[in-house]
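Each of the two chains sits in its own frame; use the hints to bring them together as a complex.
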Amino acid sequence: MTTHTTASTPEARELVLTMDGQEVSFSVGETLYQVSQRLRTEVPTLCYDDRLDPFGGCRLCVVEVEGQRNPVASCTTQALPGMVVHTRSERVERHRKTLLELVVSENPEARIDPLRGHASQELHHLRERYGVTGERMQGRKSGHSRPDDDNPFIARDYDQCISCYRCVRVCAEREGDYAISVKGRGFATQITVEFDGHLRDSACTFCGQCVQTCPTGALADRKALRAEARPEPIVATRSICPYCGVGCSVDLLSKGDRLVGIRPAMDGPANLGALCVKGQFAFDWVQSEDRLTTPLVRGKDGQLHPATWDEALDRAAAGFAKARDEHGQHGTYAIASGRAPHESAYAIQKFIRVSYGSNYIDNCSRA
Amino acid sequence: MKHSNDELIARWRGEPAPLLPLLHALHDRDGYLSDDALRAVAKGLRLPIADLFGTVTFYHHFSRQPPGKAAPRVCDGPVCKHRGTQALLQGLPGATVMPCAGRCDGPVPVLQGDLVRVGSTPDGLAEEPSPLPPPYPGDRGECVFAEIRTHDRATLAGYRSTGGYRALTAARDTMTPNEIIDVITASGLAGRGGAGFPTGRKWKAVAQAPGGPKTIVCNADEGEPGCFKDRALMDHDPHALVEGMAIAALATGATRGFIYLRYEYPQTLVILEDAIAEAQRVGLLDGFDLYVRRGAGAYVCGEETSLLNSLEGKHPFPRNRPPYPVTHGFEDRPTVVNNVETLCAVAPILRHGAAWYRDLGLGDHAGTKVISLSGDVQRPGNYEVPIGLPLRTLLHEWAGGPAPGRTIQAVTMAGLSGGLLGPDALQGTPAVTLDEPCLRARGAFLGAGGIMVFDDTRHMVELAHEAMEFFAHESCGKCFPCRIGTQRLTERLSGGGPVTLDAWTAEVTDIGDAMKATSACGLGTAAPLITDSLLRYFPDQVARHLAGRKA
Ligand SMILES: Cc1cc2nc3c(=O)[nH]c(=O)nc-3n(C[C@H](O)[C@H](O)[C@H](O)COP(=O)(O)O)c2cc1C
Ligand code: SF4
Ligand code: SF4
Ligand code: SF4
Ligand code: FES
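Order-wise, the sequence lines are chains A and B.
Just so you know, we're using the working numbering here: the first sequence kicks off at 1 and counts up by one.
Just so you know, we're using the working numbering here: the second sequence kicks off at 1001 and counts up by one.
Excised from the complex, chain B in its bound form (with noise of 0.2 Å):
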């Protein structure tokens, strides 16, 4: 039976975060967004309905008529462009591209009402489980991943049966917030989302913050091209992140939290609402609320302060720094946002400890990073390294290199955001290892973890088109250098602009040089260190895309 606008607007107004679930439910009925239902929506919510219109049309994935929802949308990331996208594309009727849909390390996924199949043809697509992460070839020792290969993981039985929710109840009865704090500080234990800020000092910063109630906000948004780590994670060992948060809200003071997934993990969404009421059947959440939202499509809103605005209802731009959400998070009050991975690895250090976690790093470095890693590599797939893990173990130990008779050419740091490194960095010595200040020195960051490895059959002034174009597809539109120079750049990749080399680079290069001093966000500061790369790396691949153009 079809609820009426009444019904769903009942059943959600008085929820905490509710406009984007409301849309979600209307979204999901129809199969796309109504006038009416807009309009009821605004009533309802007490919203104004041309902000209310704006705020709908920034999410790609709400459809404004039919078929709407109902049409298949086939992941154009650059990784599955060259797995079968077109194929799938002319195959499905009424298809359309939609972003890399963190599915990398398997067929190109289509995603259709609240099914993703994978597949590289048409009638070759099928319901397929996120891939496990290979067996560990490493021998230091995995911390999130430890255990997720263990049968049942996802049940709350398999979880506890590995020692789950041993590390919250123990947290709760045994020590108290300062204790958990300080193991999380002398961890190392740093942002596994992109930003890298230090977890203990996150959390300390939201326990001292005057004024509540508290919220924990678990970045589930992943929207980064390259990255499905955190899909691994949900899907594998969702008991792991819920038991996390509720030691981040023990640590903290929270009452409440969200999970913010990414409208792309259908599946994910199930097991995780799964995974949650098994844990509150049995008490284990008592004191802490905690809810999932979906996205809708929208990169940015995987940025901290745009993923809040995008709970609170209000147009997902990203806000102003400071004040930061430590204080001014979720309806102005103190909220730790923290990605999956950095959740999921609490609970183990709880368990094992600060230096147990520390040590699993390599050299001066702590703890671990997992590396989403696709593309051109015999064994893609999701690996939990050592920080600090020189790339080349990696890309040829553990991956097992690229397809016989081919060299790598160039792989992306960080999914898109980091740019990429070419030969010189890929071969050159020292080598590179997968850690910040090694990576930043080389004008790259790790970042969330995402590695798209390109043999040597790739166009990389293709690549970088549609790496920018993939920015100026999600550029906000807040601030001038990234909403106008993603734009001009993608141009410049594909046949715009200056024709002589020179005046091309003198344009690139100054677009570059004012998007990373002055943009609002890290989206439009990371954008360029895909041109400056390309620049870098690939000269001749520019001038020939030049002298091409002349001809």
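Extracted from the complex, chain A is given alone in its bound form (with noise of 0.2 Å):
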């Protein structure tokens, strides 16, 4: 938090606002609304996703600047010296709240699992916290749900949108991909791909960005929609996805001890809440019911035959060394799996380098 009283260079005190009676100074370029988040004050939003260029649909982020008539969207206004700003004055709270009575209004109840995506849980905090019933405002209802797209990654829940935008901003934006688009307008802007068709068939690459944007759950998670019915709560542990040499941070969802879903951190260094499909939604093979339990060795009838772990280790030594001996040193060149464990690529690393002396040792991730 960066609030002063006095400001020492003749620069730094041009650039000062008040905030809610609390003199703030800020830096060129910065709005309102991160002005507000630096003092925390709690300041609602729904379009907004900070690594995203400020939209300004929702509204709900007004506040008030002295000597305006109309509050401002926070998110889109630059902080200017000497404004004097009111970030939670009775007016634009109640603003706020029909805002959210009316964007309430506009979907059918249900409960969103927070499996369905990271920010999935954004209007129904905001609803607690305004305490906003669903019963005022009522009326139609907007968005029209893609139960026909099949795609195993992706549900398109749009009875539940609220045409925030994010998912095609972040699709546009962060990924370069521009699958999706708002279609008609009004009350009846629809998000959709081109010629009203189906993800797959469009320029979506499922990376899942959209999911993770979306603060209702009208899109979400599939595959870790599996594991709703599960009982345990969801442990998220952070991990890098071990796909490529980027080094996505993520955190791995976990219910009991089954891993149901991958997500991106949004403060990943290397990656920003972003993934790959790979990386958001190839996990299936950890827990497959195709993995091995047991090791197997080879028999002399060329068959592969369960064995004990003493078995195995033994043949692969004999293996190795026989190798080292025939050929030398660099006569054995090893290659990590993307799918391994990060401590096993540890481990052949350090086997390799250790045990032959030899830096011949790649990984199949490397990008």
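To be clear, the hints were calculated from the coordinates, so they are not data collected in a lab.
Every residue, glycine too, gets a C-beta built ideally from N, C-alpha and C.
Treat the hints with care, as some may be off.
Here are some of the chain B residues that sit facing chain A, going by a computed Cβ distance under 10 Å [stated by the list, open to error]:
1) 1035
2) 1048
3) 1059
4) 1061
5) 1204
6) 1317
7) 1322
8) 1471
9) 1479
10) 1481
11) 1484
12) 1520
Right, dumping it as structure tokens:
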């Protein structure tokens, strides 16, 4: 938090405004919303994602600036020296509640499981905070779900959509895929792909970013939702995606002993909430039924047979030793699999470097 | 011969603001925009296909399947609705409605292909030129209409015979850009498109803004229901607009210009293109490239930043401001956006002087404003009034008042955007005058100057419902208060929402307050003036509407 009452240099003294009675310094280009975040003033938002260009759609972030007749959207308003800003006046709080009543009224009541996506609880939380019951402002619902889109990854449950366009913007601004867009206008707007088709026939790469930024769960992680009925709590474990050299930070979601989903870390230094289809959705092999549960050793008959760990390790050690004796230090080259755990990848490079004294080690994910 | 996709793409790809004209070329060719055509455009202009698809669906005059453009579209604006829309819809096979098409001063317009015909029965449809303004009933003097009734005014020769292009020549030969701007500033000319921003200040900001090329955009979208003044000006005095734009270019250093013309004015398109070609032929526009671009059916594209996005081929949501178009306009370069009427006033002001123009207004008010007057008055039409004229003078003396035996119950202001004025305002003292300070004090505004008159036979809740339905239909969907608010207000004006008057009023007021305070553009902030004024002037009719629902 950077709040000053006295500023040292003339330039710094100029870049000061007053927010909720506190003097705050700011840097050129900062928006009022960014300033409010530093003060931990909880200005509500729904169309905001700090990775995207401010859009100014939901209008929940409106604040009063003295001298201006109407409140301004803090997410799109640049901080200016001398501004006197009120972020939670009676008037803006009242309008925020009305806006929330309106936006709640356009969706059918539904429980939104947090497995749907990273931001899926945003509307729900604001609804609780402002005590919006859904009794007022009733009327027609907006948005049409697309249950016919049977791709395995993303549910398009637009009945819950509130037209914040975060999905469209993240796809364009962050992913660069421009796979989805806004059809129609007004209350009839609908998120769509070209010619109202299915995601798999569009430019979508199934990176999942739209799912993770959706504040209502209208876009939902279909794979994670398979575990919706499991009673255990969701536990998130921070890790790094093993698939390639970018090193995207992920949160591995588990319920009990089951990996149920993967979520990009919004604060991941390499990815800021982005993933690719593999990092986002390709994890079923981790606990696949098809995985080996005992070591296998090839017999004289050329077939693989179950064996004990001792047998298997002895055979492997003998093979490595033979290779070294016959072909020398550089006769062996190891490639770790992108699907192996990081610990295994570490172990294999250690093994090659220490026991062969060689750097003939690589990883299939070296990007 | 039909041109291929590739030929049309090649024709437009290198032009400025190519998307709309290219889409129109394909739409004209096929009558609708096929998947194939859109895929070709996306490839040819290097646009993401999903974006292009979404953007095309924004415009209600672009069809995606036959009969598309060939099907008749009948105006169901608030005035036409009572003059034959239903009969036309029933009598014209395949006909659908369109919002106010800007011909409220005559019979109902029907748009089919590139033809607008007017009439009240399917057999009685005929192509008619825009009516000229009625003979001037005032004594103060006109500005933009002063010469519009002279013979042949729309041709270069006719325009020149009454002094046309003398202001441009004089400005070019004898004035510095600053001098031009000073005259416009001193005249008190302010935007006639709705917001009333001082024109001289706008031009100065563009003249001083760094970077270029600079652009003059004429806002000829005229989508506000009850407004038809820009059509009259362009149809009968197109060179006045061209001259005004060329002078604006001189004053600001702009080298290119666009006229963004609403789709519903196909005949005007031809008139403008002819006028530009004539002016170009004799070198009047040297150094200033002027293009006409056609909208495709979206009221919000009259909002200047939405218009700029539309011109640029983007999704026509309004932009966040600041920055304003004067620094970040067309293609993010300094841009003047001015209304047709504003630009048409420029040449007369330069010729007659700033003081002459100021003095056309009454009292402290500078200049004139064209009012498009329609509905239940005896002589509807475009009237150029001195700003500050009493509304009653316009309604009763200039336009002949209501039909015999009827009384005026309400008038709309700013088309629909300014809401209603009811009996209290119409009859009370001090009299309502046609100027912003007076009207704003009454919760209305003059805006683009459309006034629709409704006599005592009209149901005001029904009218308010039609108005709100228009705003809901035209809401772009960018911001929550307007996207959902216009919908909920429409429902509440047509039988939805709470049944008790208190609960109904509380919801309608809360929605309206949030819309006025938080909407992202003028559509959403203006729409609730309809419900505000309905509650203010016609609480009995609201109560009856709710009581009728319970019964
Ligand atoms: C919803 C909406 C629709 C508008 N439509 C028009 C229009 O059709 N024509 C116009 O000149 N201005 C229109 N305006 C006003 C423009 O945004 C802008 O103020 C004007 O074109 C500036 O020109 P002026 O200063 O000459 O009036 C509209 C504004 C809003 C909010
Ligand atoms: S999954 Fe990725 S590419 Fe596909 S629509 Fe969502 S953001 Fe765009
Ligand atoms: S799908 Fe989600 S992110 Fe996209 S517009 Fe709807 S609510 Fe917003
Ligand atoms: S006020 Fe209405 S028209 Fe304007 S930006 Fe908001 S939704 Fe769009
Ligand atoms: S966060 Fe500012 S308008 Fe949505």
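Quick rundown of the hints versus the structure:
1. Among the interface hints, the one on residue 1035(B) holds; its C-beta lies about 6 Å from the nearest C-beta in chain A, closer than the 10 Å criterion.
2. Interface hint status for residue 1048(B): upheld, as the beta-carbon distance to the closest one in chain A is roughly 3 Å, under 10 Å.
3. A cut of 10 Å between beta carbons decides the hint on residue 1059(B): the least distance to chain A is about 9 Å, and the hint holds.
4. The closest approach between the C-beta of residue 1061(B) and any C-beta of chain A is roughly 13 Å, which is over the 10 Å cut-off, so the hint fails.
5. With a least beta-carbon distance of about 22 Å to chain A, the hint placing residue 1204(B) at the interface is violated under the 10 Å criterion.
6. A cut of 10 Å between beta carbons decides the hint on residue 1317(B): the least distance to chain A is about 8 Å, and the hint holds.
7. Evaluation of the residue 1322(B) hint against chain A yields a held restraint, the C-beta minimum of about 7 Å falling below 10 Å.
8. Given the 10 Å rule on beta carbons, the hint for residue 1471(B) holds: about 9 Å separates it from the nearest Cβ of chain A.
9. Satisfaction of the interface hint for residue 1479(B) is found here, the shortest Cβ-Cβ separation to chain A being roughly 5 Å, below the 10 Å cut-off.
10. Given the 10 Å rule on beta carbons, the hint for residue 1481(B) holds: about 6 Å separates it from the nearest Cβ of chain A.
11. Contact between residue 1484(B) and chain A, as hinted, is supported at the beta carbon level, the nearest pair being about 4 Å apart and thus within 10 Å.
12. Taken as an interface hint, residue 1520(B) checks out: its beta carbon lies about 6 Å from the nearest beta carbon of chain A, inside 10 Å.
When the structure is compared with the earlier hints, violations turn up for hints 4, 5 and for no others.
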